[in-house]
Amino acid sequence: MTFSLTLTPADLLLMLPELFLTLWLCVILTIDFSLPRFPKRNLAYLSVLGLAVVLANLIWFDRAGMTGTLFNHMFVVDRMAIFFKIFIVVTTILVILASIDYVKRFKFFKGEYYFLVLMSALGMMFMASANDLLSIFITLEFSTFGFYVLVAYLRDDPASNEAGLKFFILGVFAAGLLAYGISLVYGETGKLVLSDIAAAPATPGLIIGYLLIFAALGFKIGAAPFHSWIPDTYHGAPTPVTAFLSIAPKGAAFAILLRLFFISLAAFKPAWVLLLVLASILSMTYGNIVAIAQKNIKRLLAYSGIAQIGNVLIGLAAGTKMGGDAILFYLLTYLFANLGAFAIVIAVGNLINSDEIEDYNGLNRRSPFLAFAMLVFLLSLAGVPPLAGFIGKLYIFIAAIKEGLYVLLIVGLINVVISMYYYLVVVKKMYINEPVDNSPLTVSAPMQAVIYASLAGTLALGIYPQPIIDWVVSATMMFSHIVAPATAVAPSTALPFGG
Amino acid sequence: MAQLFFFYLAGIIVLTSILVVALRNPVYSALSLLIMFFHVAGLYVTLHAEFVAAVQIIVYAGAILVLYLFVVMLLNLHREDRYHAQFPLATLLGVTILTEVILLMLQRGDSGAPVATPVIAPPTPAIGNTEAIGEVLYSTYVFPFEVASLILLVAMIGAIVLAKQDLFEQKG
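Chains A and B are the protein sequences, given in the same order. Using the numbering used here, the first residue of the first sequence is number 1, and each one after it goes up by one. Using the numbering used here, the first residue of the second sequence is number 1, and each one after it goes up by one.
Simulated from the structure, these hints should not be mistaken for laboratory data. The beta carbon of each residue, even a glycine, is placed where N, CA and C say it ideally should be. Do not rely on the hints blindly, as some may be mistaken.
[Stated by the list, open to error] Under the rule of at most 30 Å between Cα atoms (straight-line distance), these lysine-lysine pairs were calculated in the BS3-like manner: (1) A:K428 x A:K295; (2) A:K295 x A:K191; (3) A:K166 x A:K104; (4) A:K191 x B:K164; (5) A:K295 x A:K104; (6) B:K164 x A:K107; (7) B:K164 x A:K402; (8) B:K164 x A:K110; (9) A:K104 x A:K429; (10) A:K269 x A:K191; (11) A:K107 x A:K295; (12) A:K40 x A:K104; (13) B:K164 x A:K166.
[Claimed, not checked] With the C-beta cut set under 7 Å, the calculated list includes, among others, these residues of chain B facing chain A: (14) L92; (15) P144; (16) V147; (17) I151; (18) L152.
One chain only, chain A, in its complex shape (with noise of 0.2 Å):
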């Protein structure tokens, strides 16, 4: 038996940006440790520096048409994985530029959080390129990693702490699901690739090593009925933090199950549709429902985010690669007025020293910039037009009703105007009632640009969102031939519903 490995450079060119990107953690870690008189903000300059060679280098290989597998199709870089990695590298970015005031309230281990930071992104750019269900559980590990510190950062906040811990217990508990699942898979079929164990016929063993791998990845996108960990861990985390956890992760975990339920799913997808629906429905309406209770705005936004999680499952149940399509453009919008929302929670949290929704009344008063900036991104989320949130969810509707998903199509319009109502008592909080400090607030200019960029994209793709359309149709078409779509054809380039 023999065993070689084959690298030429050309194949790791492939693994260019992730590469660039660990030399450019250990070069920041480094220049931590070794110069400390040098500014820790000038750390997250660096950070984002590295990050925008590697958004450079992805949007380079996206294109150049650049794809391919390396070790024994492990490690597949095709349009969705360039897709993601732009995703979690654009949000990363703005994460960074949006902590950098918020690092000042660190006593110690200022720079390691931007390292930390970044080996998150990092481990997510692995996931959105793991092909089989090793690399998929090393990569998933590896990002959580991060994420377990960056919780509970604030070490003298008993609410961060708990929030740690929490999401620790119940992260490696889902790891544990996850191996569980794996391991049942790869017993019953013998493979870890994605593509040869879709041949494997319907075991009872390969159906719980599914569900559980399901569970799992359920639990990373806080999908109902796995979200329990979400409200307290959102809450407690620093609030930069919440915002990263609130998207990039998600868009990772979506990565893989969109290669899982298209790929080594493809053709059980009768049996999974009802299981999708139901988790769609759960969340939308859970979230929502609770939500609305809230008074704690980054509590309101951890449980807006479930039911967001529910708006894109209904995209998977559609199965289609319209459904496909329609996930990655709603992750995109879900992505500026998510992380938009959030830069305003850490720039008012950082001035007020609250995240109490009581505390926004009359923010128009104080910071009309502010108080205009959440309108619009609370518009987004709750999918008012011409934003872009109101195209995404437009979109993910189409593509249940091509399939005949009516029920979850109704319930998804009837979970619209509850958020709607929540995503509004913040807004008049905002215009309407009377502030009780009228202290004008001012923004830092990183803040500003991270808001500026966050209005941009939610304007743009709201407006005028053809060419990123046409992008996410072109970056899922590996799944055009793997799940025909059952009454219509494949969406045509052009937007299908008129711009």
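With chain A held as given, fit chain B onto it using these hints.
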């Protein structure tokens, strides 16, 4: 001979597992767990899985058990804190799992229908077990292996960030 060996190992495993939960002194429990780990390693050796046997001893008997002992000794639990009222729950779960196992055994014995397709093991390599694992680890599975090294780096930094105490005591 092999059968005799198996029954010796299995018997000791069952016996020490019972002792782990039955003994009142947690240190004794941990020590019987240690004996159990060694015998499980022995089972692996009879299955020609020498590498797994070595890992069993190094990781479980060496690292995890020491961690248990540290926890038991450092926390110095009071007698009343040690045992919770888990007996009814444990009985319920135990009976459920036992019934399931028996049902499964009976079902397989009767029809034999839902038997999984056996995984065909690759032919035993001419080189030793451990060498073979080392070779695949550095060729076929080099990607997860390298990512695991990054996990260790994160874990190390994370442990320092979360657990380093003296900075806070000096300045905080």
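For which of the previously enumerated hints does the structure constitute a violation, in increasing order of number?
Violated: hints 2, 4, 7, 14, 18.
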